[in-house]
Amino acid sequence: MNIGARDLFLISPELLLVTLAVVVVALDLVIRRKGIVIAVAVVGLLVPAIAGVNVWNDIHATGVDTAFNGALVVDEFALYFKFLTLAVLALLFLSSADYASRFQPFQAEFYGLLLFSSAGLMLLPAAGDLITVYISLELASLPVIALAAYEKMRLKSTEAGLKYLVLSAVSSAVLLYGFAFLYGATGTLRLISFDPADPAIGHMLINGDPSVPFGGVAVMVGVVLATAGFGFKLSMVPFQMWTPDVYEGAPTPVAAYLAVASKAAAFAVVLRLFYAGLDPAAADWSLMFAVLAAITMTVGNVVAIAQTNVKRLLGYSAIAQAGYMLVGVAAYVGSGPDAELGIESVLFYLGGYAAMNLTAFFVIMAITNRTGDDSIEGLAGLGKRAPILAVLLALALLGLTGIPPTVGFVGKLFLFNAAINADMVWLAVVGVLNSVVSAYYYVGVVRVMYLRESDNPARITVPPYAWAALAVTAAAILVLGLWPGGLLEVARQAALDLL
Amino acid sequence: MLLSTIVFLPIVAAVLVLALGRTQQMARLIALIAVVGELALTLMAFAAYDTDAGGYQFVERFDWISAFDIQYLLAVDGLSVPMVLLNGILGLAAVLVSWNVKERPNQYYMWLLVLQAAVMGVFVSMDLILFFVFWELELVPMFFLISLWGTGRREYSAMKFLIYTFLGSAFMLTAMLTLYFSLPDGERTFDIMALMGRDMSGLLVPTGLVFAGFLIAFAVKLPMFPLHTWLPDAHTDAPTAVSVMLAGVLLKMGGYGLLRINAGLFPEQMTDFASTLAVIAVVSVLYGAFIVMRQTDLKRMVAYSSVSHMGFVTLGIASVAGGGSALSSVGLNGAAMQLFTHGTITGLLFVVVGLIYERAHTRHIPDLGGLAKQMPLIAVGFMIAGLASLGLPTTSGFVAELLIFLGTFQVFGLATALAAFGVVLAAGYILWTAQRTLFGPRVARWDGLTDARPVDVAAMLVLIIPIFVVGLYPKVLTDVFAVGIDPIMAGFGLAGFGG
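Those protein sequences? They're chains A and B, same order as listed. When the letters of the first sequence are read in order and numbered with the working numbering, they come out as residues 1 to 499. When the letters of the second sequence are read in order and numbered with the working numbering, they come out as residues 1001 to 1499.
Quick caveat, the hints were computed from the structure, so don't treat them as lab data. Note that this is a predicted model, so its numbers are computed, not measured. Please note: incorrect hints may appear among the correct ones.
Beta-carbon label-pair distances, calculated as ranges [stated by the list, open to error]:
1. A:486 <-> B:1421: 54 to 62 Å
2. B:1392 <-> A:483: 29 to 37 Å
3. A:373 <-> B:1153: 54 to 62 Å
4. A:387 <-> B:1469: 39 to 47 Å
5. A:337 <-> B:1468: 41 to 49 Å
6. B:1184 <-> A:57: 54 to 62 Å
7. B:1059 <-> A:475: 27 to 35 Å
8. A:197 <-> B:1197: 57 to 65 Å
9. B:1201 <-> A:197: 49 to 57 Å
10. B:1431 <-> A:302: 45 to 53 Å
11. A:46 <-> B:1197: 41 to 49 Å
12. A:453 <-> B:1417: 39 to 47 Å
When the alpha-carbon atoms are kept at most 30 Å apart in a straight line, the in silico DSSO-like pairs for lysine-lysine are as follows [what the hints assert, rightly or not]:
13. A:384 <-> B:1102
14. B:1102 <-> B:1160
15. A:152 <-> A:34
16. B:1160 <-> A:384
17. B:1475 <-> B:1102
18. A:152 <-> A:163
What the simulated footprint calls covered on chain A by chain B, stretch by stretch (three residues with Cβ under 8 Å from a Cβ of chain B suffice, anywhere in the stretch; the number is not a length) [said to hold, decoys possible]:
19. 402–409
20. 421–434
21. 478–489
Ideal placement from N, C-alpha and C gives every residue a C-beta, glycine not left out.
Work the whole structure out from these sequences, hints included.
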């Protein structure tokens, strides 16, 4: 196997990201002022981003390319997620600078671990075979275990770390077991192949090698086990149990990272595996995802109503939101003029979801950092104590409910569009009814902020860099809600690469 | 750009109020200028609408989300242009009646103006999705207005209002999307004007279900028995101006939707459903009227009378679908008239009730009495509204109800007879209430109360003028409505108002 300059060029964003991680950790040893380290981490993200733009220009001109003999597939779909991850990371660094100062003397390692994990998240959507999927997933997960337990003197944080460790291990094992079945049934690990001599799983399924023992059954078992394995990362019912616990226990920036970046990459790999690799078996998995979507959003929304801790609430909200996005995954229609609608709607929603969820987490982070109270009641009187933060949180929550003119509304519109296009009107109905249920608890938080008086009148201040991050995410909620066309077109181009 | 100006003027004003309205005087001055300007614009649109030419006028059409053929499409026809005017009138009344709001006046007027803009958007949108966006947008100001400036169980009522409306609109959204994807590729559109007169058979789901999706949303809003229970709560706990807007224009959105979408796009399903609708109408009329009798709270009384009066609208619509007669167009015109007249009449009732409550600090009917002695002007306003509400000739209430009964009698004779009994009940409860609150012996306890100030008189006059103008010269409205309902009549194979 030869590694050429082309391969290195195609993974240059990831290589530069890892380099940045090393630089940040090393700088911390020699530089006393932590502000500089943070600044390097944030500004340094521009380097992989520029490399990503380069790759995008190249891919856009010449078409999809593979690296490392097909182990990585670099297309617009993968690049969409790379940029999403980088953007989330930059915003997260900005907003958490204050919060992370409590991690001294290990603050730089905190950024380093996030960067390493992000490299995994960026490789994941580009995975061209099952081995790359697995390795990228582990690269993304292992640093998060440490990150979840970063506040090691706090019991809940270590509990979160341990939970994430155990569940990551279990889900990886299940995933590998599923991959083994797929490999056994088809004789290949390739998800996508442009080389007829080296066929991908999809080709083998279509051509159906009769000599494979238990062919159909093995594929189905493989599909189910792989779904279960990814289900953990997606917070999909019945593999969602860890989500609220880890969100509540982990440091808030880590929870935000898990809720947004990690979930986006998990959706990317699921879309890649099922739409590009296993589409001949769509009859097996499409309905399965539809049912799982319905159950996931219902469980998430109903249980969220009873929550009293705002981070747990966001945990259940993340489960429900995963359910909405699974609607797009389930909306498989094969080929045809609107075949990309399902993928496209998931990609668009992930972008909007990132804006809404990050806004919510950033506000919570800013508040809990001052008050140390992450109960919903702790948000009482926020409308007076921190009027702008309250407006932003309200905007994010109304967006997550799906009320126009936010991106949450158009995002859900596209998802349910895709469902109806795939003849799943029932799923769209379940989706919209779930939005109604979710209104109760999302608006419930808004109610606490504006209608409850607080006995603590202290105003909450926010550092300017956190304001910058909040301004970006909040503006995205409104701008993408009013002018969704641009992002939608990008998502469509990315989606077409999968088909 | 007239319609865009009408929709966005209040929004611009809302931003200005929020930014500049630091003092009560400043806030209400900006709001007043905005609503006066808005009324002038709506009067202009009403006057400029050419009834000879008919059809849709002032059309503004831009692509919004071209991937799904969603347009920014504004237009008015004979059905909507009076509703636009109504919203202009009530907006002014609402600001005048809130002259004394002291608590956070800038936010209060901001929400009030956003509310007016959202309702305006509903009446002028000719794209289903845009219609839906404005329909949902109206929830946010209503929620905040009721929960922050309301009285009594305001949080409960605000949430109940939100959930009910959201639930209704969930079905509407699914219906819209299903309709869209049912059309053959290339002909897909959300354009109401293009959908009018289209064959609605062969949808993805039975057409009746799509019809029902819309019907549920509008029945909640109108409200129809048994989906009305949110209304008395919302009315009772809302501040006066919000009650005025709620009764005046928000309920009308339901009736407007029934006419525009259910009757306009689905005449066949409407025909199948006509008898059921007539029964629901009669139940709403009588149930509402009987419940009014038992009320001891002035606002609850007016709220239930709205349920009763909106039953007449339903009956008028049902009569056209029920096979029709020579006079059917009269019935439909009456239903549209009832939307307008009820808006002004009940708006006035709420203004008066609000004025009484502001002074006496109670709405409990048994506690009141003899108020005509202390506040003769307010009593005059109450009597005008009450007499118009029970359909006294020379008031607009008489015209609307007469037209409805004329149109419906030949189609649903028994239903009309029963519903007409609702008018008798209305006479009973209105006069009885007037007697218990305004007349009778002077009550010493109320001696300190003042009569209406000039601004209160202005608020009443804004609504009294249209009551008499339409009552004495109904042609000013019926001619316009006739142009609007002719195409709907054509959908049922019936001759229009003119023929």
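Exercise for the section: Sort out whether residue 384 (chain A) lies within 30 Å of residue 1160 (chain B), counting only the CA atoms. Expected result: It holds: about 25 Å lies between the C-alpha atoms, which stays within 30 Å.
Practice task
Take a look at whether the Cβ-Cβ distance between residue 373 (chain A) and residue 1153 (chain B) falls inside 54 to 62 Å.
Solution key: violated (28 Å)
Exercise for the section: Starting from residue 152 (chain A), check that the Cα of residue 163 (chain A) is at most 30 Å away, please. Expected result: holds (14 Å)
Problem - Hint check for residue 1421 (chain B) and residue 486 (chain A) - Cβ pair distance inside 54 to 62 Å - result: holds (59 Å)
Problem - CB-CB spacing for residue 483 (chain A) and residue 1392 (chain B) relative to the 29 to 37 Å hint - result: violated (52 Å)
Exercise for the section: Assess, step by step, whether the Cα of residue 152 (chain A) is no farther than 30 Å from the Cα of residue 34 (chain A), and give holds or violated. Expected result: Holds: residue 152 (chain A) and residue 34 (chain A) sit about 21 Å apart, inside 30 Å.
Handout entry: Agreement of residue 1102 (chain B) and residue 1160 (chain B) with the hint, judged by alpha carbon distance not exceeding 30 Å
Key = Holds. Residue 1102 (chain B) to residue 1160 (chain B) sits at ~26 Å (cutoff 30 Å).
Handout entry: Distance restraint evaluation - residue 46 (chain A), residue 1197 (chain B), Cβ atoms, bounds 41 to 49 Å
Key = violated (56 Å)
Practice task
Evaluate the given range 39 to 47 Å for the C-beta pair formed by residue 453 (chain A) and residue 1417 (chain B).
Solution key: Hint violated: Cβ distance 55 Å, outside 39 to 47 Å.
Handout entry: Assertion that chain B covers the segment 402–409 of chain A - criterion: three or more residues, beta-carbon distance below 8 Å
Key = holds (count 4)
Problem - Verdict on chain B covering the segment 421–434 of chain A, where coverage means 3 or more residues with a C-beta closer than 8 Å - result: holds (count 7)
Practice task
Mind taking a look at whether chain B covers the segment 478–489 of chain A? Criterion is 3 or more residues with CB to CB distance under 8 Å.
Solution key: holds (count 4)
Violated hints, listed in ascending order, are 2, 3, 5, 6, 11, 12, 17; each of the other numbered hints is respected by the structure.
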